[in-house]
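Q: Listed below, chain by chain, are the residues.
Protein chains: 4
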Amino acid sequence: MIKAAIVGGSGYTGSELARILCRHPDISLEAITSRQNCGMKVCNVLPSLNGFVDLCFDSNLKENGDYDLVFCATPHGASMEIIPSLMERGIKVVDLSGDYRLGDPQLYEKWYGRAHVDLRGLHDAVYGLPELFREEIRKASLIANPGCYPTCSSLSLAPLLSAGLIDNYVIIDAKSGTSGAGQELSKLTHHPACGSSITPYKVGNHRHIPEIKMVLSRVYGNEVKTVFTPHLLPIVRGMFTTSYAQLKDNVTEDDVKSAYDKMYGGSKFVRVTNMPSIPSTVGSNVCETGFVIAPENTVVAMGALDNLVKGAAGQAIQNANLMFGLNESTGLDFPGLGV
Amino acid sequence: MIKAAIVGGSGYTGSELARILCRHPDISLEAITSRQNCGMKVCNVLPSLNGFVDLCFDSNLKENGDYDLVFCATPHGASMEIIPSLMERGIKVVDLSGDYRLGDPQLYEKWYGRAHVDLRGLHDAVYGLPELFREEIRKASLIANPGCYPTCSSLSLAPLLSAGLIDNYVIIDAKSGTSGAGQELSKLTHHPACGSSITPYKVGNHRHIPEIKMVLSRVYGNEVKTVFTPHLLPIVRGMFTTSYAQLKDNVTEDDVKSAYDKMYGGSKFVRVTNMPSIPSTVGSNVCETGFVIAPENTVVAMGALDNLVKGAAGQAIQNANLMFGLNESTGLDFPGLGV
Amino acid sequence: MIKAAIVGGSGYTGSELARILCRHPDISLEAITSRQNCGMKVCNVLPSLNGFVDLCFDSNLKENGDYDLVFCATPHGASMEIIPSLMERGIKVVDLSGDYRLGDPQLYEKWYGRAHVDLRGLHDAVYGLPELFREEIRKASLIANPGCYPTCSSLSLAPLLSAGLIDNYVIIDAKSGTSGAGQELSKLTHHPACGSSITPYKVGNHRHIPEIKMVLSRVYGNEVKTVFTPHLLPIVRGMFTTSYAQLKDNVTEDDVKSAYDKMYGGSKFVRVTNMPSIPSTVGSNVCETGFVIAPENTVVAMGALDNLVKGAAGQAIQNANLMFGLNESTGLDFPGLGV
Amino acid sequence: MIKAAIVGGSGYTGSELARILCRHPDISLEAITSRQNCGMKVCNVLPSLNGFVDLCFDSNLKENGDYDLVFCATPHGASMEIIPSLMERGIKVVDLSGDYRLGDPQLYEKWYGRAHVDLRGLHDAVYGLPELFREEIRKASLIANPGCYPTCSSLSLAPLLSAGLIDNYVIIDAKSGTSGAGQELSKLTHHPACGSSITPYKVGNHRHIPEIKMVLSRVYGNEVKTVFTPHLLPIVRGMFTTSYAQLKDNVTEDDVKSAYDKMYGGSKFVRVTNMPSIPSTVGSNVCETGFVIAPENTVVAMGALDNLVKGAAGQAIQNANLMFGLNESTGLDFPGLGV
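Chains as they are written, first to last, in UniProt numbering: chain A, 1 to 339; chain B, 1 to 339; chain C, 1 to 339; chain D, 1 to 339.
Chain A with its partners taken away, still in its complex shape (with noise of 0.2 angstroms):
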């Protein structure tokens, strides 16, 4: 059994990872830290984990718990100052925040605002987005877990650019559901304001740009002109994307196809459909993607995930589960709720 603690554990991240975690079979939950909640029953807290998870909220994780593993659901900055000690203690690490995901301290700075204090575990990081980085992953100490936009964009456009399918430059318009901005209150998330709207946010200026850019050019061999733009949808759960690009000249339907397939033929956690559809995917570890030949030889990439398993926590398990040699899909072979 591994054991296994998640650092902050009360947010909307930290509790769906202890949501599958407690169902795991390989993995076993030891400890969940939160400091707003220190000292509470995690199953006060979050109530449908009654009967699931007998801890309490620590306030930090013991110094000498006897932890295989380590989910760090805490905000970027938190997650590097404490991960080198965790490192040191042969500890391995799945960091939900973003802290590891851009490999360049330089890029960190400028999109985080402040100078990367774990320089060689951003060195040491792989990035966690298994059906594209399978390899890497196995072999890793510290996963750097990716956000949830660059998953769901990344996942259906990579298949065109693996495959040269489409010119360097990608559009891709992003709908996310509110849980994907976390437990703390902002004029975003109000419900009065956002409740009977879309909301676009952080237009040219997300965090996620720079990490989908990266992610879509190590798949292209060669840098991806990206343009994101983030909108607030009016559900809970749930994000999808459409995204665009100009298919090179001759490409066929069948080519295109032909690539999603290859791609994610065997994945247990890509499903290629023809319309990419959010409720299938809530509650599961799936994403969705499919594509449309629109006119204008552009292709229309979509995919669909829920924000908070194959968007953030699923995706930390699959990861966690590929690092000590389990099956992915381990503790995460549940459907999506469909409706």
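Hints may be right or wrong, so weigh each one.
Which copy is meant is left open, because identical chains are indistinguishable; a pair holds if it fits in one copy or across any two.
[Claimed, not checked] Derived DSS-like pairs: lysine-lysine, alpha-carbon spacing no greater than 30 angstroms straight-line:
(1) K187 to K248
(2) K257 to K268
(3) K225 to K248
(4) K248 to K92
(5) K225 to K202
(6) K110 to K3
Please keep in mind that the hints were generated in silico from the structure rather than gathered at the bench.
With chain A held as given, fit chains B, C and D onto it using these hints.
A: Chains B, C and D alone, transformed into the frame defined by chain A:
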């Protein structure tokens, strides 16, 4: 032209007052205050008023401002601090807070947690529900504008009580859009928490309980035992109340129908219908009400309105019209959106 | 391994049965019927079941199919046509329609508008609300699976009635997500009509009225006068009921608390809480219930559940587990989404 | 007083026309037709119009009716059947269907699947987007009122194309409330299917594609390659478009700002803003538009409007005002709800 000012103009209620007043033929909006947005153009803070309101927010009302009428869209506690001096200057006031609604200072202290500081105003204020207390309102100088829940539930229960058709025990199950909770951020109105749910709150201890009881008892001529449960709906605008009472012996459906028709037959703003519906009222000053005789000799009285219009700003203007001898519907004669 | 089939598998209830059964360790799903989708792969119609259900829809159950258990997710009227022959073949049946819920054929005819055609089944069927009637269910061959509204309201009122703490007159104000209305298109569930509103329907004449009354009266040991008003919420999954009753003299809050704890202390699927909440239950077989003592000696009993799980498919599987001597929570031991 | 009739008055567009016209000072509503509701009082079918419209639905327009103006809120196909005879009678017509929008009969046949039966009308009709084609509209007898998507996207892209600031390839990612899909029941607008999701539909083959392309090309003076993807939002009213184009070399942010200000500086109904928002426009005839210069030299042009007002009925009345020499904003000078 009646010269009016709004104190507290950047909240939802204050901006709704501005939205309606800017088109009122006999009231001119001379000033709007907002400490938070002091100095800014109103239409920069509230873009929908662009081209309609050409004022800047003041921090406070001018000491020597020439106003005939002031709408106080201030929080309870603040209203009673500023209203006495307005009254002394001979300005008519409509207060949209709870400060002057409960005539009894002890009741006020019990439910609002502080001593009332304007006993004279409290004594003189008239409760501004025109369909029930129109003649008093015409003569008033200070109006306590009703809460949204008391408006919706009182209007739907009043015909039954006035005609003596039901027992003096009513149950009101109320559902409100989130704009009723105001602009201040709160866990209750955080979209991820409320956007896919219905959330009861302050069950058994909401401040509208004594207010509703006061109105119903006055209509009935005797104490009406009042149970009231508010719920937050995942919509922005609109309120619905479903109320229950036992019919007295031998009361027929015709008796009930007659009571509603009699009370609201000539009413501009209360529409009797088989099935009240929020969308029919949204954007308008209309309250729809109707009833069904259910099994067990129980009458189900329903009401629907726009919580920001008939539930707040529209009713305030209806009251102002009456106080100044205007036609009750001046500036308010526009239909709801319907869909 | 118990061999099971679903009749009517492409509706919301049928597909929810498949969603849960595909992971049940002791029940294997052998067949699913759907006239409309006959011949199609289940996972093409219900993409979320891809990788979990490898069947095609049949038009009807095979005459000689080797089933131990059949779930009828058929409309009322259809169930009673097919169930007698299943019973003759010795197959255990859980019927999710209303056909077998009201034991009395005259009551059935009154509320369902047709004569019952399987009087023997109607007589033998056991009402499948395990928290109230567990022992009978264990011995049953035919289960009438409760409606979603009766489940939610009965579970929240039963402790009060069972302990004799309230008068025999209850008011149930119920709110349901739209998935409860099923897959058939209707004006009521047309998004433009219902998406920014709350819509009461069938006030005073919903078929769940006699069902709720039957259950509550059985728990109370005497007739319980029952008023029930359903409302459609602008959410997809989830149900909330707010119920009202007069406490008998001298009943204390502790008495009420004890009644809930006593009835549900050992329960896997009913969680007593101060404030029931839909999101805590969505995706799970849990019903949350709790109460507040409001003014006027009135108790407000609240319930929340997922209308497709504890309100339909989950409870059906819970009943099947009991009928076959399995642990009640087999295949159902997963937590709700929480957010 | 201009005498007007509405053909097809019980759909969402028709009733929105009635909602606005009933308060128009210079247009009197003389007749409304609806086959489905023939003989019924308008205000019984559309309760929000109670006290505002005192007409019954006719089955058809009277042969000898004395109308100056007819609004056709009929489906495409039906409009071109009835409009020729109206034109012969010298009645001015605003057609809200797609029948007269695409000037070219072959293009019409390609996208609407039938031959056009009124080639003369098709030739003479003027495309009614006043902010772009105001002078033509003034002289027109037959207006093809634009679709909601073409209005929102064209208004937000026109300044860029008119000033020659972008390449002739634009991507429009559009999101609409469900009222845009009309009153007819459909799987797409079934609440359980769409209420917690965002649903792309008709990707690459929506009828608004050639319409948008026609408008943009006309503004640009040359062909504009147009990619358009509509999505259904889980809200009732409101539309948002996010459009993408490559800026030409050396175009600055100031150039772009100037282009918007120049085109819409004196406009009553197009508001240039940093961040367009649906709630600011709902209930009003305003389209908000604005832009952000994103990385990769890409401009993101955004638009928001109420699909039933500026996207349909309000714009139709704006066109009628122009045709009859009235002030463009007569009867339309009311602000949006804001919240």
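Q: Hints first: check each against the structure and report whether it holds.
A: To see whether the hints hold, each was checked on the structure:
1. K187 to K248: Neither. Shortest intra-copy (43 angstroms) and inter-copy (36 angstroms) distances fail the 30 angstroms Cα cut-off.
2. K257 to K268: within (18 angstroms within a copy, 47 angstroms between copies)
3. K225 to K248: both (15 angstroms within a copy, 16 angstroms between copies)
4. K248 to K92: neither (42 angstroms within a copy, 49 angstroms between copies)
5. K225 to K202: For K225 and K202, both the intra-copy (18 angstroms) and inter-copy (27 angstroms) Cα distances are at most 30 angstroms.
6. K110 to K3: So K110 and K3 fail the 30 angstroms test inside a copy (36 angstroms) and across (53 angstroms) alike.
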